[in-house]
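Protein chains in written order, with full-length UniProt numbering: chain A, 1 to 649; chain B, 1 to 198; chain C, 1 to 93.
Treat the hints loosely; a few may be bogus.
Each computed DSSO-like pair below joins lysine-lysine, with the alpha-carbon atoms no more than 30 Å apart [said to hold, decoys possible]: (1) 220/A / 64/C; (2) 15/B / 8/C; (3) 2/C / 159/B; (4) 15/B / 576/A; (5) 648/A / 518/A; (6) 195/B / 64/C; (7) 15/B / 571/A; (8) 648/A / 15/B.
Partner residues aside, some chain A positions facing chain C, computed with beta carbon under 10 Å [claimed, not checked]: (9) 23; (10) 210; (11) 238; (12) 269; (13) 281; (14) 334; (15) 337; (16) 340; (17) 346; (18) 545; (19) 549.
Quick caveat, the hints were computed from the structure, so don't treat them as lab data.
The beta-carbon is built from N, C-alpha and C at its ideal position, and this holds for glycine as well.
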Amino acid sequence: MEFFERFAIPHPDPMIYASMVAIVLVSIAIVAGLTYFKKWGYLWDEWLTTTDHKRIGIMYLISALIMLFRGGADAVMMRVQLSSPEMEFLNAQHYNEVFTTHGVVMIFFMAMPFVIGLMNYIVPLQIGARDVAFPRLNALSFWLFFAGAMLFNISFVIGGSPDAGWTNYFPLASNEFSQSVGVNYYMWALQISGIGTLMTGINFIVTIFRMRAPGMKLMKMPLFTWSALITNVIIVFAFPVLTVALLMGTFDRQFGTSFFATGNGGMDMYWANLFWVWGHPEVYILILPAFGIYSEIISTFSERNLYGYKSMVASMVLISLLSFFVWVHHFFTMGQGALTNSIFSITTMAIAIPTGIKIFNWLLTMWKGKIRFTVPMLYSVAFIPLFTVGGVTGVMLAMASADYQYHNTMFLVAHFHNTIIPGVVYAMLAGLTYWWPKMFGFILNERIGKWAFWFNVVGFVLAFFPMYITGLDGQARRMYTYSESTGFGPLNMLSFAGAGLMAIAFILIAYNIFYSIKNSPRNVGDDPWNARSLEWATHNPVPEYNFAITPEVNSSQALWDHKKKSHTLFKGKIDKIHMPNNSGIPIIMAGILFVFGFSFVFSIWPAVIIAAIAFFSCMLYSSFENDHGRYISAEEVKETEEKFGGAKK
Amino acid sequence: MKIDHSQPLEYSTHKNEMNILGFWIFLGAEIMLFATLFTSYFIYENRVGNGPSGAEIFEITPVLIETVVLLTSSFTIGLAINAMRLNRPKAMLWFLGITLILGATFLSVEIYEFVHYYHVGATLQTSAFTGILLTTLGTHGAHVTFGLFWGIAIFLQIKKHGLTPETANKSFNYSLYWHFLDVMWIFIFSFIYLKGMM
Amino acid sequence: MKELFPLKQVNGFVFSLLLTVVALSVYFMDMSFSLGMTILLVTAFIQAIVQFVLFMHAGETDDKRTIYTTLYYSALIALVTIFGSLLAMVWDM
């Protein structure tokens, strides 16, 4: 019995027990459903072992949407707790756990997979490739992310959630102040999914450098692909820092080192330093693909070339470099001297310049354009002013001396939500809606989509703008309650109302998916938005080989040239096509790492060792395996093309 | 699979070229991994708490042996790739074998070194300094250990299949990995040991 | 036999041993900290370049630019991380 006691939750609560029951019931329902409808084979053959970048992309997107609701539920719980003074909905410990999981889930398991999912689906299509450079590695990346996400999500029912904030600062995250295994979960969940992300980074850099269609020079790539390239460069150089930080944190908690301790030579502040050396580039890992998506959408729905293509690319390159030069601005108040703060203050403000260039480029793209206000375009248009507010408050925070006033207040919370929600979340929703017909062959209902949009925008403004005011008045972040005499009550109630509207928006989006699956017309054609880039040049939905004939392009708007300047995209004739085989190895390896992580969290060493051996055996096995892929014959390709409505010109 | 015979075997297919480029980018990430460890080492270098300092526990002899052994192994893996390009699998396997033996020698000396640290009371838990010292050395040592197993796998595959585009490609990436570990060791040698003993 | 030991590789090896000997001078000879660090920095980076260029053939294919960019970029960010962290955590604390 003693062995099992460690799995108990340290801070039980009726809500957690209810979730436990719900998780068990849903799991049983899924297993029973799959068995009853005899779908196990289908699931295994078509999805779990797939190496097709499109299916992996869709699995990323589904995971991201599920995690959006998990993180959203956390957010609503926080807003309920703060809606009025002395509220007793959550206690202090539970509140700590909720804001921690909200942050981690939203950044690592919602925003990251959303970005990577869209990249997976779109980038190979935009560059005219058959797949990514390393399809099996791509599957492994996804399953590692998924294993990490699952490991993180079971923490609150087995052993306890992490409770030291998503930044996990020491000494708060040390054994002394965070006694449950929660922070161990944090370390291993992020470690496992982080390794997956790193491999995605390598994979996409090689894909974009080496698999572009003939004629697509670097400066002729669509902007989303450019943003993906830059993002993956940042991933490759930023994530190793996180790997080391997490390793050191694990050692501190489980092997008794004193890296982040306050005695014995340790330095707790160094965690903050390492975390943000990775953490600030991470911000740009999320926002740059969003910029890419907005560029595509704004150009498409304004029916104009993107204004200032070269400056767009240059500013992204500049941002990627600068993103590694600014991390100290996250802890201006930690005690380093004025010289350091000044340096990092200036580098931070410098980032506003390339970002500002991009804002003007989008505005000038719309200038005199024939604008169509579809749902993706609405999100993009709303993004520009809202994100600018977020950017300007960012410059305020960048001023080191003024930061002493803002630091750790709701002002900061308002600022970063103001960049992340209109920046990243709207971009993901816009991108999802925009590329939805590419993935599934029908358009999401525009009317419901617009309702969701308005709920989202109004809800966002109501929820987060009041925090600027309460923050300036001194409401600290991460405080689970406040007294009535502070006067924060009414504005927090307003935030709560805004959060409610946003919740309605996301429910509407979910409803829209169900509604459109049933009701949307399927005859939208291959190019429903009258778009410009290569991904719309193939069939809808996309056949597994993407393009029957490799396209030849001579600008960043290959399809537009094809439509307006009668440029021939597909020269040559249909030939056999080489495709990667499916493989069960990635999901098995990720499953083993899940067991490894779980056992490590609870220090069950025999299981850790067995899992490690099993993992390396899998690597050895795949080293000896000779998998040359397979060919789709020319006849088969022709048949498929006929089925999809004839070969493309 | 289209094979381009004008290229060395390891570059002969598009897939192979991508593997090598991907591996270079992976090495870029590895540079950052070690850079972070070095950053941490420099931060903790003088934070010895109640434990010993570097100058008190470092010994020049094992470190020198490790350095010369690893440098030589880096030389022999280079010769292995040279032999591979001359299409002399037998010579190549000899050089690869020597590299692996040198790698194992390096590892034995490093284990001896760790035992020494244990005996003089410098463990992971002693202080932040000894912790980061052993973590940095350990990460490098773990890379070498992984490299040994990888090298054995490649050795067996070449023995079985001869020099094919696949095995040549793997061997080339392996040589990159091994040279890279040597480079990282040079930095450890210079900025951990020599700087500490100066 | 001779072709198995090309001059380029042998010279590289001898050169790297020489650099090691030069670096060792900081241990065996009495010198100031800054002179010692200068010697170590120079020898270590030359060693790295010898390995990357001579032994690892970083510049032999069309991917030359990508590979060198990767190396420069990682070296730059590595240095920024090391010196920025030292500045914030040690020198200016």
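Each hint tested on the structure:
A threshold of 30 Å between alpha carbons decides the hint, and for residue 220/A with residue 64/C the separation of about 21 Å falls inside it, so the pair holds. Note on residue 15/B and residue 8/C: the hinted pairing holds, with a Cα-Cα distance of about 29 Å set against a maximum of 30 Å. A distance of roughly 24 Å separates the Cα atoms of residue 2/C and residue 159/B; the hinted pair therefore holds under the 30 Å criterion. Distance hint between residue 15/B and residue 576/A is fulfilled; the C-alpha atoms sit about 17 Å from each other, no more than 30 Å.
At most 30 Å may separate the alpha-carbon atoms for a hinted pair to count; residue 648/A and residue 518/A meet this at roughly 29 Å. Restraint check for residue 195/B and residue 64/C: not satisfied, since their Cα atoms lie roughly 34 Å apart, outside the 30 Å limit. Restraint check for residue 15/B and residue 571/A: the C-alpha separation of about 24 Å stays at or below 30 Å, so the hint holds. Proximity of residue 648/A to residue 15/B is assessed by CA-CA distance (about 27 Å); at most 30 Å being required, the pair is judged to hold.
The criterion of a C-beta within 10 Å of any C-beta in chain C is not met by residue 23/A, whose closest approach is roughly 40 Å, and the hint is violated. With 10 Å as the threshold, the beta carbon of residue 210/A comes within range of chain C, its nearest partner Cβ sitting at about 8 Å, so the hint holds. Against a cut-off of 10 Å between C-beta atoms, the interface hint on residue 238/A holds, since the closest Cβ of chain C lies about 9 Å away. For residue 269/A, the suggested interface contact is upheld, since its CB lies about 7 Å from the closest CB of chain C, less than 10 Å.
At its closest, the beta carbon of residue 281/A sits 9 Å from a beta carbon of chain C; the interface hint therefore holds under the 10 Å criterion. For the restraint placing residue 334/A at the interface with chain C, the shortest Cβ-Cβ distance is roughly 8 Å, inside the 10 Å limit, so the hint holds. Checking residue 337/A against chain C by beta carbon gives a least distance of about 4 Å; that is within 10 Å, so the hint holds. Look at residue 340/A: its Cβ gets to within about 4 Å of chain C, closer than 10 Å, so that hint holds up.
At about 13 Å, the closest approach between the beta carbon of residue 346/A and any beta carbon in chain C exceeds 10 Å, and the interface hint on this residue is violated. With a cut of 10 Å, the hint placing residue 545/A at the interface with chain C is violated, because the nearest CB-to-CB distance is about 26 Å. The interface hint given for residue 549/A is broken, as the beta carbon of that residue sits about 25 Å from the closest beta carbon of chain C, more than 10 Å.
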